[in-house]
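Here are the chains, one letter per residue:
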Amino acid sequence: KAGVTQTPRYLIKTRGQQVTLSCSPISGHRSVSWYQQTPGQGLQFLFEYFSETQRNKGNFPGRFSGRQFSNSRSEMNVSTLELGDSALYLCASSLERIPGELFFGEGSRLTVL
Amino acid sequence: KQEVTQIPAALSVPEGENLVLNCSFTDSAIYNLQWFRQDPGKGLTSLLLIQSSQREQTSGRLNASLDKSSGRSTLYIAASQPGDSATYLCAVVGNAGNMLTFGGGTRLMVKP
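Here the protein sequences line up with chains A and B, keeping their order.
Note that the first sequence covers residues 1 to 113 in my numbering.
Note that the second sequence covers residues 114 to 225 in my numbering.
Accuracy of the hints is not assured; some may be wrong.
[Stated by the list, open to error] Listed next, the in silico DSSO-like pairs over lysine-lysine satisfying Cα-Cα at most 27 Å (straight line):
| no. | chain 1 | residue 1 | chain 2 | residue 2 |
| --- | --- | --- | --- | --- |
| 1 | B | 224 | A | 57 |
| 2 | B | 224 | B | 155 |
| 3 | A | 57 | A | 13 |
| 4 | A | 13 | B | 155 |
| 5 | B | 114 | B | 181 |
| 6 | B | 181 | A | 57 |
| 7 | A | 57 | B | 155 |
Calculated directly from the structure, the hints in this document are not laboratory data.
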């Protein structure tokens, strides 16, 4: 069974641009969560989607948004990029069998210049 | 607001040593606690998940314990190997679905 797949793995953008990251969960998993990892702030929860609905949202500005499609694939978008948005963005999926039992992808490394 | 702290932030040990990583959390109302491993530039690999009703979990050379009342967990690694070198993260789940609160991690280096 394939794991969580994130694309692209690496990308470079400039300030003011926007970016879209994609996540394909493990087959059968309907919950998808997104996390941001930076050296200064560590791992922080962005949002979680379940059955195309946002179920939880972390403390991030409105420039960060996401959505989930009917096949459970998810995308997150960051608009008006800032230097501080440079981070590893991790996606995780869950079968909803045990609370918090998440399976993480390899991440998308975003560099903002 | 839940806060998770990991001590030490970094640890360097010779191969073969047994070691303990510590994790503490401020709110004892958790569903479970997990330990993850992260290799440089990679995603997270779940090592052990301890549900709130459990006191410990074991997998191979790894043993994790949970004391909810004191807000503490430890990860014990027996007979450490160079391949154990990585960052170890603990995370707790409260009452908000799959939202994990992570500690800052312990960066472990095991020297041959």
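How the hints compare with the structure:
Only pairs whose Cα atoms come within 27 Å are accepted, and residue 224 (chain B) paired with residue 57 (chain A) is rejected, the gap being roughly 41 Å. Straight-line distance between C-alpha atoms of residue 224 (chain B) and residue 155 (chain B) comes to about 21 Å, which keeps the hinted pair within the 27 Å bound. Only pairs whose Cα atoms come within 27 Å are accepted, and residue 57 (chain A) paired with residue 13 (chain A) is accepted, the gap being roughly 25 Å. The straight-line distance between the Cα atoms of residue 13 (chain A) and residue 155 (chain B) is roughly 21 Å, inside the 27 Å bound, and the hint therefore holds.
About 16 Å separates the Cα atoms of residue 114 (chain B) and residue 181 (chain B), which keeps this hinted pair within 27 Å; it holds. At roughly 26 Å between alpha-carbon atoms, residue 181 (chain B) and residue 57 (chain A) fall within 27 Å of each other, so this suggested pair holds. Taking the CA atoms of residue 57 (chain A) and residue 155 (chain B), the gap is near 24 Å; set against the 27 Å cutoff, the hint holds.
When the structure is compared with the earlier hints, a violation turns up for hint 1 alone.
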